[in-house]
Structure formats: structure tokens, C-alpha cells
Amino acid sequence: MEIKKEYKKYFWSFVITLAVFLSAWYINNIFTSNKISQLQDMYEKISIDILSIETQFDLLKELSCADISEKSVLSNELVQLGRKLSFMEQNVGPTDETVIKLKKFYSLLQIKDMLLMKEVSQKCDIEPVFMIYFYSNQNCNKCRTQGYILESISRKHPKVRIYSFDYDLDLPVIKTLAQIYNVSPKLPALVVQGKTLQGFASEEQITSLIPENALETATSTATSTEQEKE
Amino acid sequence: MNYVKIAVMLELGLYIMLFVLVYFEVFTLLSFIESRPERLPTAKPANDSYFPNVAIIVPCWNEEKTIQKTLNSLLALDYPKDKYEIIVVDDGSTDNTYSIAKRYESKNVRVFTKSNGGKHTALNFGAQKTSAPIIGCLDADSIVDKDALKEIVKHFQNEKVAAVVPSIKVWNPKNWLQKAQQAEYFVSIFLRKTFSIIESLFITPGPFSFYRHSIIRRLGYWKSAYMTEDLEIGLRLQTHRYKIVNEPNAVVYTNTPDTFKALFKQRVRWTYGFLKNISKYKFMLFNPRYGHLGIFILPVATLTIFIGIIMFAMFLWSLASMLFFKIEKLFYIGINPQFHIHNIDTYYINPSVLFYITVFAGALVIISHLLGKKLTNDKTSTLAGITYYLTLYSVFVPLWLVESVKKAYFSKNKLTWR
Chain A
1 MEIKKEYKKY FWSFVITLAV FLSAWYINNI FTSNKISQLQ DMYEKISIDI LSIETQFDLL
61 KELSCADISE KSVLSNELVQ LGRKLSFMEQ NVGPTDETVI KLKKFYSLLQ IKDMLLMKEV
121 SQKCDIEPVF MIYFYSNQNC NKCRTQGYIL ESISRKHPKV RIYSFDYDLD LPVIKTLAQI
181 YNVSPKLPAL VVQGKTLQGF ASEEQITSLI PENALETATS TATSTEQEKE
Chain B
1 MNYVKIAVML ELGLYIMLFV LVYFEVFTLL SFIESRPERL PTAKPANDSY FPNVAIIVPC
61 WNEEKTIQKT LNSLLALDYP KDKYEIIVVD DGSTDNTYSI AKRYESKNVR VFTKSNGGKH
121 TALNFGAQKT SAPIIGCLDA DSIVDKDALK EIVKHFQNEK VAAVVPSIKV WNPKNWLQKA
181 QQAEYFVSIF LRKTFSIIES LFITPGPFSF YRHSIIRRLG YWKSAYMTED LEIGLRLQTH
241 RYKIVNEPNA VVYTNTPDTF KALFKQRVRW TYGFLKNISK YKFMLFNPRY GHLGIFILPV
301 ATLTIFIGII MFAMFLWSLA SMLFFKIEKL FYIGINPQFH IHNIDTYYIN PSVLFYITVF
361 AGALVIISHL LGKKLTNDKT STLAGITYYL TLYSVFVPLW LVESVKKAYF SKNKLTWR
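Going line by line, the protein sequences match chains A and B. For the first sequence, our numbering gives the first residue as 1, with consecutive numbering after it. For the second sequence, our numbering gives the first residue as 1, with consecutive numbering after it.
Honestly, the hints are just simulated from the structure, not real lab data. Quick caveat, the model's predicted, so the values are computed rather than measured. Accuracy of the hints is not assured; some may be wrong.
[Stated by the list, open to error] Below, computed lysine-lysine pairings styled on DSSO-like, alpha-carbon distance capped at 30 Å: (1) A/K159 / B/K326; (2) A/K142 / B/K329; (3) A/K156 / B/K329; (4) A/K35 / A/K8; (5) B/K5 / A/K84; (6) B/K407 / B/K261; (7) B/K160 / B/K223; (8) A/K8 / B/K407; (9) A/K142 / B/K374; (10) A/K9 / B/K326; (11) A/K118 / A/K156; (12) B/K373 / A/K8; (13) A/K84 / B/K407; (14) B/K265 / A/K5; (15) A/K8 / B/K374; (16) A/K175 / A/K118; (17) B/K5 / A/K9; (18) B/K374 / A/K5; (19) B/K329 / A/K9; (20) B/K223 / B/K280; (21) B/K174 / B/K379; (22) A/K101 / A/K45; (23) A/K159 / B/K406; (24) A/K5 / A/K35; (25) B/K5 / B/K326; (26) A/K9 / A/K45; (27) A/K186 / B/K5; (28) B/K326 / A/K35; (29) B/K65 / B/K265; (30) B/K406 / B/K261; (31) A/K186 / B/K407; (32) A/K142 / A/K45; (33) B/K329 / A/K35; (34) A/K104 / B/K329; (35) A/K101 / A/K175.
[What the hints assert, rightly or not] Not close to chain A: a few residues of chain B, all C-beta gaps over 12 Å, as computed: (36) T94; (37) P248; (38) L275; (39) F306; (40) A320.
Note that CB positions come from ideal geometry on N, CA and C, so glycine has one too.
Isolated chain A (complex conformation):
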């Protein structure tokens, strides 16, 4: 057999296999970028929503509480954004620059939402029900399980707002927030109705601090908005 001709096969097989691997990598890249730009779109939409509510508030000091839809305050969209963001973080890795940037924006959105909610509740004389959760992806053994519990609470009681912040994120406002509530780096840490729970907290411990009316389950939230405006 002709030596050169026969051994060309090895070269071409290598080229073809390499091409297959590169194509797979390329296709995956396209899908991932697509998903990340979806996140960016979501972020932009939510910031616009929040900004428009704030502006309304500023323009019309006498804004009636009935006009402020539940939707604007920690809308379901913000929760979805959070979930999809953490999904992408798992897929693309925590060091991806775009993901980090989106996380920072998301953290700021949460804080704005929280502040807006406080203003609304003051104005409309409702008791705000919210939790602040500080976690870390690196130095926190109990954070994963704490995350399950919070997710469970969030699904069972959608009226309870849970704002999550990555303590390691390079964003000074998170440290400021932690200072305000006297939160030390011993994570996980929860702030429930102003009370700080340092370290792992069970579902009972958490729900015991939440007022009764906020513990209504998913099916009844549809009617609660009407009741609150009184």
C-alpha cells in the first residue's frame, strides 16, 4: 500500500473530528449568548418598569394606593430574572463578566424595589413583608440548603418578598446594606422583619417571624390586593 496516501486518512480523520468538536462548541456558544441577551432584555424591561413607577410617584404626590399595582413591586418578573440568572451562572461559570455585571444590576434592582416597596407601604399604610438574604458561593457550607428552604418559602408564600445578595459580589451597596442590619460575614445570614438571623435558619424559625396575613398561600393572593387598599 502507498504509505503517504494511506496515512493521509489519519490527518483527515483528525481534521473532521476537530471540526465536529469546534462546531459543537460554536453552537453551544450561540445558544449561551442568546440566553444571556435574554437576561439583559429582562433586566432592561424591569428597570423601565421600576423607573416609571418612581417617576409616577414623584409626579403625583397624591397618587392613590389603588393605582399602584402589585405588579410593580418585586414583580414575578424580577423573581424569574433571579432564577434564570442563577441558572446561567451555573452553566457559564461564576467568572463570566456578563453574568457578574448582570448580577450587580440585579442586586441594585432588588434594592430599588425594596426601597420603593417601603415608600409605598408607608404611604398606603401597609405592613411590608420582606426578607433579605446574604449568601456566598465560596465560603458558605450551609448556603445551598438555606437556598432550598427559602425557595420553598417563596413558592408557598408568594406575598413574602425575598431579596438575595451575593456577599462576595464587588458592590459596595451590599456591604452598606449588611452594615445597616448588623450582618457579619458568618453566612448565611437572613434579615426577617428587621430581625437578623445569623447562620443557618430552619423553615419554622423563619416563618415564626412573619406576620400571619402574609403567610397566605398562592391561591389567595389574587384577592388580597383588593383587601389591602382599605
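Use these hints to put chain B onto chain A, whose structure you have.
Showing chain B alone in chain A's frame:
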């Protein structure tokens, strides 16, 4: 974070292993496509006047259930009756194999019995009883197509040819396990043809392989070789650079295991035999003196055993981790069926690079399978079989690979016929 480093290295290792597997598939398909059958120097049409004397040795051990079908198919071969003979060698059976075979004794069927010594002793015994220039063997649980012999014999017109191997198909597959094997055997038919093209056939399978008697005599006939004497003699022929050729139109049907336990034993025997024989013939590995067989085929065949085991270990590990996390989650938040299904967003479906490559590799297997069918003009429906093969069956493969490696390294026990 050390875990991150380990994970990255494992992932890299996984990609390298996948690369080797896909490379092998691409290489075999390229080799097949490149050569048209007409280019093969040995593909001569059946010569109407070329009918040398042929002896077919049928070694058996406790095969009373299948020996009749085997012998009937041999007697039905389309070949001049006075030009071939059948030599049945009963290797000390404890059932009625001998008495059943004895009923077939005639001018061209001779039946012998001897004390148990292993298949290779039965083959050698039979070979001594004939002076036919071409000798072959047939397992006592296999059935031949009537054209098989003449299709094989035609290749011996080329003096350079030392051995000819057939296509092996599964006889009457019944359950999912046998259907999966049927699909697998079609892939083997394709690979055998391809290896033949690149002169890298190294197994002359027990069912219906034929040899030039003078060459086999010179080499010393069959040797005791970890119950895989068909592999050993193939390797021996290759070390002397004798030509081994495949004839896909010569079809022999074999009974395949229908329980997982039997399949497991069979495959452990094959893989164990392969590993032991390769260690004896390790001088062939990466040796350009043996062409494609030495440089590529044998090393990859050995490597895939270990790749299969490592990939399975990684698969088990990720399965275990996933289960662990799911159970941990359930422990903390309880079983809550109201976590509605309509919440599934396609966003969360994110196939990885690994997924795309695996799909491609699977597609190549399907193509090889279809080519195997085409080579033998087979029209049976194997859709179910190939599905089982690619899914359930491949999960079991690593189990017998692990067992074989363990045996090859640690045990000194003799494996039995079955």
C-alpha cells in the same frame, strides 16, 4: 478551589476520550468510503470451476440442543458434495451431543469424541484428521447460509490469502437484549469489512472462518489462549503479515445470549481474552511494521476498554451527586407536588457541548449499523434494536469491561467454555 481544578481536568479528560472515540468512528467511515469494493485485489467473482477440497471442523461441548440445526445447515451448503467434508469433534460432552451427531455419520460426515481439553484441542484434533487444502471451523450453535461456503472459498484463488472471515448475524432475536445485539452485530459487520480493507482484521471468528491448511500447519495450529483462540490465531497470522480477508456475503447466524447474566459472562470472556492476548502480542502496539493494525486499530481497541470504564465511573459519579442533591433537597423541604409543571421554561433546557458531540457519535454508530445491513442486503427492521443498543445496552457495556479488567489483572482461574 481544588474542586474546580479537578472538575476542569475531569472535563478535559472526558473530551479527550470522546475525541478518540469519534476519531475512530470517522476513521473507519473514511476508510470504508474511500475504497470501492472493486479496488480490492481479492474480490474476485465466484469461479464456477474453482472447488477445492474443504474440511469443516465442528468442535462441540454439550450442544445437544443446537447441533442438529448446525449440521443440517452444513449439509445444505451449495457446494459439490464430494468436495467438502464435515468433521465433528465432541470434546467430552456430558449430554447427548455425541450420540446425536453420530446419527449424521456418512461419507462426508465424520464424528469423533475425545476427552475434554478445550476448544482449541478439539480444533487441532479435527485438523489432524484431514488433508484438505482449506480448513474451517463452525461453532455448534451457529447456522450457515447455503451460499456461505462458496462465497468464502472464492477468495482462496488469490495465493496470498491465508484466511477468510464471514459476516455474523444474530439468529432469531426475541427479546430486547437480543435485538440490541442484532444491531451491534451489524456494526461489527461494517467494522469487519472496513478492517479487511485496511488489512487490519485480527480476529478469525469461531463461526465459519476458513484457513489455508498449509499456512496453519506451518504456524502450529490453534493454541490455548484464554478461551479466545480465534483471536489469538488471527493475531498470530497478522504478526507474520498473512492476508486475512472478509467476505460480507458469506453469512452465518449465531445464537446470542438472551439473559443479561449469560451476555455478561460471554463478554467478560471476550474482553478478558483480548486483554490477555494483547499483553502477549504487545510488541505489535504502535509498531508501524504491522501497518494500520499496529499503529492504530490495536491501540484504540485496547484504549476503548479503559475509556469505557472511566466514562462509566464519571457517569455513576454525576448520577450519584445528582441523587444526593435531590435527596438532600427533599429532606429539607419535603415532597411538595404543587411545584407545578407548567412552570417549565424552555430557557432552562441548555444542552451542552458534550450533548452535541454524543449525539454526533451516536449518529455515526447508526450509519455504521446501516452500512452493515447494506453490505449483507438485509432488509429486516432493526429500529427497535438500534434504539435499545444506543440507550439501555450501552449502560451495561462498562460493567463487563470492569469485570474483565479485574480478572485480567488479578485472577489466575481458568475460564470455562461457557
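Verification of the supplied hints:
no.: 1; hint: A/K159 / B/K326; verdict: 26 Å, holds
no.: 2; hint: A/K142 / B/K329; verdict: 12 Å, holds
no.: 3; hint: A/K156 / B/K329; verdict: 15 Å, holds
no.: 4; hint: A/K35 / A/K8; verdict: 41 Å, violated
no.: 5; hint: B/K5 / A/K84; verdict: 26 Å, holds
no.: 6; hint: B/K407 / B/K261; verdict: 17 Å, holds
no.: 7; hint: B/K160 / B/K223; verdict: 23 Å, holds
no.: 8; hint: A/K8 / B/K407; verdict: 38 Å, violated
no.: 9; hint: A/K142 / B/K374; verdict: 59 Å, violated
no.: 10; hint: A/K9 / B/K326; verdict: 47 Å, violated
no.: 11; hint: A/K118 / A/K156; verdict: 23 Å, holds
no.: 12; hint: B/K373 / A/K8; verdict: 28 Å, holds
no.: 13; hint: A/K84 / B/K407; verdict: 49 Å, violated
no.: 14; hint: B/K265 / A/K5; verdict: 42 Å, violated
no.: 15; hint: A/K8 / B/K374; verdict: 27 Å, holds
no.: 16; hint: A/K175 / A/K118; verdict: 20 Å, holds
no.: 17; hint: B/K5 / A/K9; verdict: 36 Å, violated
no.: 18; hint: B/K374 / A/K5; verdict: 27 Å, holds
no.: 19; hint: B/K329 / A/K9; verdict: 51 Å, violated
no.: 20; hint: B/K223 / B/K280; verdict: 13 Å, holds
no.: 21; hint: B/K174 / B/K379; verdict: 17 Å, holds
no.: 22; hint: A/K101 / A/K45; verdict: 16 Å, holds
no.: 23; hint: A/K159 / B/K406; verdict: 59 Å, violated
no.: 24; hint: A/K5 / A/K35; verdict: 46 Å, violated
no.: 25; hint: B/K5 / B/K326; verdict: 24 Å, holds
no.: 26; hint: A/K9 / A/K45; verdict: 54 Å, violated
no.: 27; hint: A/K186 / B/K5; verdict: 26 Å, holds
no.: 28; hint: B/K326 / A/K35; verdict: 26 Å, holds
no.: 29; hint: B/K65 / B/K265; verdict: 20 Å, holds
no.: 30; hint: B/K406 / B/K261; verdict: 17 Å, holds
no.: 31; hint: A/K186 / B/K407; verdict: 52 Å, violated
no.: 32; hint: A/K142 / A/K45; verdict: 33 Å, violated
no.: 33; hint: B/K329 / A/K35; verdict: 27 Å, holds
no.: 34; hint: A/K104 / B/K329; verdict: 28 Å, holds
no.: 35; hint: A/K101 / A/K175; verdict: 17 Å, holds
no.: 36; hint: T94; verdict: 50 Å, holds
no.: 37; hint: P248; verdict: 21 Å, holds
no.: 38; hint: L275; verdict: 25 Å, holds
no.: 39; hint: F306; verdict: 19 Å, holds
no.: 40; hint: A320; verdict: 17 Å, holds
Hint violations for this structure: numbers 4, 8, 9, 10, 13, 14, 17, 19, 23, 24, 26, 31, 32, all remaining hints satisfied.
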